[in-house]
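Chain residues, written in single-letter form:
Number of protein chains: 2
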Amino acid sequence: MRTIKLILEYDGAAYHGWQYQNNALSVQEVLSRAIYKLTGEDIMPEGAGRTDAGVHALGQVASFKTRSSIPAEKFTPALNTYLPEDVSVRSSESVADDFHARFSAKGKHYRYIILNTPQRSALWAKRAWHIREKLDEEAMTEAASYFIGTHNFEAFCAAGHHVKTFERTVTLSQWKREGDLLIFDTQGNGYLYNMVRIMVGTMVDIGKGRFAPDIIKKAIENRQRNSIGMTAPPSGLYLMEVFY
Amino acid sequence: MRTIKLILEYDGAAYHGWQYQNNALSVQEVLSRAIYKLTGEDIMPEGAGRTDAGVHALGQVASFKTRSSIPAEKFTPALNTYLPEDVSVRSSESVADDFHARFSAKGKHYRYIILNTPQRSALWAKRAWHIREKLDEEAMTEAASYFIGTHNFEAFCAAGHHVKTFERTVTLSQWKREGDLLIFDTQGNGYLYNMVRIMVGTMVDIGKGRFAPDIIKKAIENRQRNSIGMTAPPSGLYLMEVFY
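So the sequences go chain by chain: A and B.
Each number in the working numbering corresponds to the 1-based position in the first sequence with 411 added.
Each number in the working numbering corresponds to the 1-based position in the second sequence with 411 added.
Hint data in this document are derived by calculation from the structure and do not stem from the laboratory.
Values in this document were obtained by computation on a predicted structure and should not be read as measured data.
Hints should not be assumed to be uniformly reliable.
Pairs count within a copy or across copies, as identical chains cannot be separated in the list.
Under the rule of at most 27 Å between Cα atoms (straight-line distance), these lysine-lysine pairs were calculated in the DSSO-like manner [to be verified]:
#: 1; residue 1: K628; residue 2: K448
#: 2; residue 1: K619; residue 2: K537
#: 3; residue 1: K485; residue 2: K619
#: 4; residue 1: K517; residue 2: K575
#: 5; residue 1: K629; residue 2: K545
#: 6; residue 1: K628; residue 2: K545
#: 7; residue 1: K485; residue 2: K545
#: 8; residue 1: K537; residue 2: K485
Whenever a hint applies, use it, and build me the whole structure from the sequences.
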């Protein structure tokens with residue numbers, strides 16, 4: 412048995428997220444099917460991040476164990492012939508037996524793209540969050556800075572989600588503008604359920620002047636989900652890279 | 412009656428081109444329906460370029476006459492509420508009565524995007540032509556230069572297409588590289604049916620070493636469609652701008 416690590420890209424628009432579901436198509440399922448067609452093995456690959464419906468990836472990582480003798484690097488072109496065109500393998504390699512896409516992950520890089528124009532854009536539909544209003548980028552940049560560090564992020568976790576600890580370390584949290592796009596990049600050792608989307612939703616409310624930037628600091632302290640802003644839509648979110 | 416000029420953006424993937432067809436969905440039809448919903452008028456808007464199935468636009472121009480009293484600039488947000496999300500209006504204005512999107516056009520800017528990577532990309536599927544092989548960009552740049560000027564482009568027109576004259580003037584024809592993308596930009600006073608896609612297909616054959624760059628010069632002289640390369644797929648083509 413060998414363990415294979417894949418780096419995956421996908422357009423999440425047509426999928427009900429990464430995670431296998433009985434009654435809806437997931438990226439995990441189409442990958443599992445492609446592996447079956449290639450190797451004849453009925454395998455459910457593990458994913459590093461359980462991206463939600465509509466969320467995209469440029470660097471999702473999946474791992475699985477196989478008895479097949481296919482050279483590790485050949486999984487890339489071979490799986491790409493079996494996968495639908497909105498899912499692709501970027502690279503494949505053989506890794507240590509105890510590698511697990513999710514449990515071995517040491518950190519992640521997420522990007523969130525806002526299209527900040529008066530009119531919506533056909534080519535960015537499903538690939539960005541369209542916001543018409545002018546946003547106060549200075550306030551959003553200040554807000555972003557409060558995420559950096561090791562904090563209890565319970566206020567930034569979707570309600571009803573149980574985890575061992577809400578403590579996470581964020582090492583990168585910044586906005587940049589590229590033309591009509593406002594792009595938020597964040598890296599950290601892990602993210603709670605919906606955490607990036609709640610971070611972005613709250614910063615957009617700050618950019619609209621509904622809250623002061625230091626509401627982030629206060630929410631980290633009071634740990635109350637209802638003290639902050641909305642959850643940004645999934646279409647603007649991209650899982651860029653997983654660190655090991 | 413006023414004449415309204417629209418600038419349109421669309422993702423052509425789901426459409427059988429610009430032009431209305433009885434048995435397939437076109438961009439012209441969804442725009443006509445949106446105008447009907449907004450004004451109650453049964454109007455078939457004219458388009459500057461008859462983009463093919465799968466071809467995209469960032470700057471298609473459409474024009475139509477209306478009796479409605481809606482202020483010209485309000486057509487943009489109003490039509491955007493009725494159009495499907497893969498078609499959007501970028502701007503709308505009132506123009507002279509004799510303005511016609513197609514007949515008044517003095518020139519066009521087309522872009523063609525090639526994704527030049529060993530593996531295909533999920534997010535670029537349907538938005539670029541994926542070519543695995545390394546291409547000789549120097550040869551393609553030389554080839555592109557031969558298009559500039561006023562020439563008979565019969566060799567670069569899809570067979571069986573009848574026009575008054577095959578003479579067109581190309582003022583811009585150049586390749587640039589942006590990371591994994593090879594981008595071809597061309598501007599001219601008009602393009603024959605499939606002309607940009609045949610230009611690109613031939614230059615790609617040149618980039619693969621199948622032809623020498625000066626086959627472009629020879630094809631312009633001999634006017635034989637079968638003397639040159641393939642027609643590039645529609646997914647990489649974008650109508651960027653129409654000049655008046």
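**Request:** Report the numbers of all earlier hints that the structure fails to satisfy, in ascending order.
**Result:** 1
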